[in-house]
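Asks: The lines below spell out each chain.
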Amino acid sequence: MSEEIDAEIRTTHVLDLAAEGKRLDGRGPDEYRKITIEPGFVTTADGSALVRIGDTAVVAGIKLEPGKPFADTPNAGVLTTNAELIPLSSPTFEPGPPQPGAIEVSRVVDRAIRAAETIDLTRLCVTPGEKSWVCYVDMHVIDHSGNLIDTSLLAALSALTHAIVPAKRFEIADADYPLDIQHYPIECTFVRLGDAIVVDPTFDEERSAQGRLTVATDEAGHVVAMQKGLIGAFSPDDVKDTVRRAFRHGDELRARARGGAP
Amino acid sequence: MSEEIDAEIRTTHVLDLAAEGKRLDGRGPDEYRKITIEPGFVTTADGSALVRIGDTAVVAGIKLEPGKPFADTPNAGVLTTNAELIPLSSPTFEPGPPQPGAIEVSRVVDRAIRAAETIDLTRLCVTPGEKSWVCYVDMHVIDHSGNLIDTSLLAALSALTHAIVPAKRFEIADADYPLDIQHYPIECTFVRLGDAIVVDPTFDEERSAQGRLTVATDEAGHVVAMQKGLIGAFSPDDVKDTVRRAFRHGDELRARARGGAP
Amino acid sequence: MSEEIDAEIRTTHVLDLAAEGKRLDGRGPDEYRKITIEPGFVTTADGSALVRIGDTAVVAGIKLEPGKPFADTPNAGVLTTNAELIPLSSPTFEPGPPQPGAIEVSRVVDRAIRAAETIDLTRLCVTPGEKSWVCYVDMHVIDHSGNLIDTSLLAALSALTHAIVPAKRFEIADADYPLDIQHYPIECTFVRLGDAIVVDPTFDEERSAQGRLTVATDEAGHVVAMQKGLIGAFSPDDVKDTVRRAFRHGDELRARARGGAP
Amino acid sequence: MGSVGAKEVPVLLSPEGLRIDGRKLDELRPLSIRAGALHQADGSAAVEWGANKVLAAVYGPREVHPRHLQQNHKAVIQCRYNMAAFSVDERKRPGLDRRSQEISKVIGEAFESVVFVEEYPRTSIDIYIEVLQANAGTRCAGVVAASVALADAGIPMADLLPAVAVGKVGGAIALDLKKEEDNFGEADLPMALVPQSGRLVLLQMEGHLTEPELAQALDLGVKGCREIYEQMKRALRERYAVGPTAGASS
Amino acid sequence: MGSVGAKEVPVLLSPEGLRIDGRKLDELRPLSIRAGALHQADGSAAVEWGANKVLAAVYGPREVHPRHLQQNHKAVIQCRYNMAAFSVDERKRPGLDRRSQEISKVIGEAFESVVFVEEYPRTSIDIYIEVLQANAGTRCAGVVAASVALADAGIPMADLLPAVAVGKVGGAIALDLKKEEDNFGEADLPMALVPQSGRLVLLQMEGHLTEPELAQALDLGVKGCREIYEQMKRALRERYAVGPTAGASS
Amino acid sequence: MGSVGAKEVPVLLSPEGLRIDGRKLDELRPLSIRAGALHQADGSAAVEWGANKVLAAVYGPREVHPRHLQQNHKAVIQCRYNMAAFSVDERKRPGLDRRSQEISKVIGEAFESVVFVEEYPRTSIDIYIEVLQANAGTRCAGVVAASVALADAGIPMADLLPAVAVGKVGGAIALDLKKEEDNFGEADLPMALVPQSGRLVLLQMEGHLTEPELAQALDLGVKGCREIYEQMKRALRERYAVGPTAGASS
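Protein chains in written order, with the working numbering: chain A, 1 to 262; chain B, 1001 to 1262; chain C, 2001 to 2262; chain D, 3001 to 3250; chain E, 4001 to 4250; chain F, 5001 to 5250.
Heads up, some of the hints might be wrong.
Stated by the list, open to error - When the alpha-carbon atoms are kept at most 27 Å apart in a straight line, the in silico DSS-like pairs for lysine-lysine are as follows:
#1 K2240(C) to K168(A)
#2 K168(A) to K68(A)
#3 K1131(B) to K3105(D)
#4 K2240(C) to K68(A)
#5 K3179(D) to K3024(D)
#6 K2240(C) to K5223(F)
#7 K68(A) to K131(A)
#8 K1240(B) to K3105(D)
#9 K2240(C) to K1068(B)
Said to hold, decoys possible - To spell it out: a stretch of chain D is covered by chain C in this simulated footprint if at least three of its residues, at any positions, have a beta carbon under 8 Å from a beta carbon of chain C; those stretches are:
#10 3047 to 3058
#11 3084 to 3090
#12 3121 to 3133
#13 3211 to 3225
FYI, nobody ran anything at the bench for these hints, they're computed from the structure. Beta carbons: idealized from backbone N, C-alpha and C, even for Gly.
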């Protein structure tokens, strides 16, 4: 019960600050927390990265294995994206099958990667209709202080960018080779706090939010995916304004994901 | 709690009426509610029907897909019957895995279709031991006002009767062709209400019942399946009498399912 | 609640007796309950045994079926061990998916069978990389009065010892032949009751125990598996002493399992 | 029945009217019933019937689990019919398949028709049936075993529930089918009888029977149930004459 | 969209600017809405929209199940969007896949943004959407149906929620995509509008749109929603003018 | 161990008695422990041990979920050991397999042997262990990490639990096996020690050891645990000397 009251007090505080154009951690409405990217974090993966945005941390790992293409896309490899919101990472997550929240993160990240045509799936075909690479993108959330979508996609993209296709190990080619990245989608998430719409929400801001909006952009000036979440509403003008901001942030984050340097 | 008392009052009322040979909706003990059959209701299915018995409604859809025959019947296709008692259709159904009630409906309908040899499964074999048609019969209960078994089987039979094997789409033959129906099973369900045994029970009658008995007959004068359900008992003479009544109703309903006309 | 108090009283009693070097059923600390082995108990299995240790009873059944070898062991058959702790056998078991306790029994028995190289899996290969026998060892606990691990392994071993590979039925060879047993692992389980460490615990002793230790030995003088379970601790000297006792018991039980005679 | 594409149907009935195992049409397979076969259960029984081996255990009246199934005015009966992985020719995956769930339901309803459930409000009476070796007729063997187990547990009931399947083999109505008869026969009709009222609380059927055949099958089944009833009572008398004994096997 | 390795893309837009079914870019498919289509539900609606057939039912406010989801200061809204096995070309396995779970979540959140949940603390309002026949735009059809079902159930809301998807086909922004347009189009953007506030409570997007295209799509969607809004109100007026009628089909 | 049909066994021990990575038989792999590595958990630790990367988090004492597990006289310890999909060579399906469930059980029991659970009746102390990168010995790394996480969370315990696996490679008893040694070695014996009492609360074994070898392995393991114990204490001193720091990696 005290937990519930505590949450209520924090919500009020977050909203009061927002009304004055302020945020709990002193950031401006259009400012991300500190971002660090550590590519190659997991050597058992074919590609990996540990990404932190503020106190939120996600480890993404890529695994490539030979499999069978889908019947309706015999000339293409298979991409499988999965986010695990494990109970280690937050007092609000419970053990058990994936909850709607975890499924939403998986699917929103998956949508951006897929719609942006991040990897050319036809290049993952080995024998049409028979054999193709299955590319697993697993995102393991290890610390949840808000904004899981942006952190997870950034981790996935960084991991993909450095991934090596283990063609030699599986005796499919004479040598391993880097996974071919065509496009670099970046997701930027905003929440409404009263009249303010702020980027990169913390956990407390998400809990206080009156609507969440994620916009994924690519490096060529396209919006490739969007997702409105949580209880709340956005006007079309809010959306247009948010898209503009997402393009600005997208360029900066994209450079980070591609380089992997701080 | 008021829900529980309400149910008890209704039960008493149903039984009191039955003792006078009456039913809540004015029907005689051997009278079905109004039946309507709408074949071809779902165009995405290879065969379909919307069947209503009174306020109960079931949509059945047939899907035929190439698959593998079972090891012990290499020369036969595969028949799979499934009833979904979705929570949309009744306040008593909950989301989640199929409950025993849904499984019973599926299996009792399946038993009638299978025992009657409704379709000649050997004609669904493509290459013995390797490839055969899998015939899915999916029954989607959308309004549950009692007597799901009879409604579901009638919907399944009507859907099968009009089903087309999509042989061209799957490049197995040059043209699609109608599914071959050999026999026409009909299930008639009765419940005991005190000394009375009435056909086509409503939801309230099922809840008040002291036993339920379903008899499936074919057009050639056979009983092909039976199922006693719910708490309650029937004497052998009750059963014999019920079988006689099931044959009478069977003929009438069969004509409806075959024709599809009202 | 009275159930809980009852358990507490029994625990105190068990520990008090143990302090005097006594046990509830009058046994010495290093004495097994009466053991009976009934091989061939289930004729539908390819090998089977009903084993009782005191009031604990387990039926093990072996089934051999053609299947596919694992990719990393193309020249070997597959061994699958499963213990079912069905609710019939104890008031403490509930219906549903396997609980950690059932999984532990399965895995500890499996570990002993596998580590001891009980059966030569390479002899279960039919066509390397393509076809091999899958050997299912199913242990069905039917009466749980303590010491499920020892009883289950003894049942599994007795069943394997008498198993016949159904090569003729599956048209893999012209005749059936006995499964080839290379080694005979035996598991001996001990629990700590205060300062005493007693073998073959009853249900009440397990519930009172301050640690459980299982030691599996083979006929050639090896420890092949161990498992410490329950809340409690053992000193290295306790373990060494227990191992010595396990070898002694192992020889006696092994003779029983191989012979199947009382 | 209805085994599509089956290779060849064996001769199920000799010219003399005898069945593949030499039985007459109205003859039961050998049946042995032992009450109190298990130690942990509040009541139990082991049944060997032809080549079937079936155990039943009863726990309760006890707390209802899960809690929300509790009923204010009566005990709930929870029945679980399960087959061991090795009980059939082709290994069965552990756990309840749809067939087992259906059988659990109809057996539970059969017992709820005779147990005086209103005597134990807010409790659960749990019936567990385990098939260790199957050879047609396991649900009936399960009902017989569970019935004796309930009596062994001291649960008050209107009556015991003898049960048997009747079928049609080689054109004739026959009592208590064994596996080959069930596989290649023309009909299968399992039933459970309340002997004192003469009413059926379990009844299922699959196959092809004309109306007269069905009537004949019902009558033959009732007759079979009455024979089994005597053996059930005998098993219970033995149990209480000689005191509790142990062992699931004979 | 993004159908990797698809064989050949059909011509989705004629030289005259007409779509494969002859519609103009800003034209909706035929839409019929019937309130009160089901008997058991507290409120219901059947929607046929192009070749989509979707049902919605509302139960509640009622007891929360499972109990631990109950909230002290408001009703919880539980939404379940489900597709029948036969509703799509390739048979769908029964039960909620990940796509259905995501859609259930965003639709539930959309309705929680307009329903006056604080009026019914400690209760559940359950929204069930069943897709019987799918042809692109089923989540929007589901929102429209659920909206009318909620009104039919008498649940107080700030407004109805018209919904529609906008997409990009043959290079042009188009309203209310049908299946071929969705499969081979360049973008898909489903949305749900609160007409009185002009705000969006559901918004998703996938594909490729430039910033100006996105702005155009939003505006076209809002326009489409306002048209649909009129039809929704008409359906509710009909329902209460002529009294309850039955039947999921027209 | 026991890798049936494995192609060729590498030389695990050089003539000089050195192991494939140059270690001596009683030498540990490099171990780094960082307390307080996570922000959300009440206590946490990151362990890098050879090529293993393992995290542990502790939540509690807090409400028990699900409720019926609550105990009146003590806290329940719920332990979940999980491997990330990418932590092993062949991708692991997400979720707990049977191996993980067994390990979760024995680790939970090990901690319940040292945590003063009776101080927090009716609560749950939840231990989560996540293996991000695996190279043999992950359960021991998990115990070490969880131990430090419990201390970091301020949970009162009789002692920390150092843990290590001993094995047999190339005929010799060796401390702290790495993956190739584990795969091709002759035995594996993981253990966890209560240093102050000198007793073991976790002990498993698989392979082939004679009685004298087993005794030797136990003694070597205890020695290894005592080394690790010093590092665990150092990590906790560092944590409280320099104040909380962030970051799962070094």
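Asks: Compare the structure with the hints numbered earlier in the document and write down the numbers of the violated ones, lowest to highest.
Replies: Per hint list: 1, 3, 4, 9 and 13 violated.
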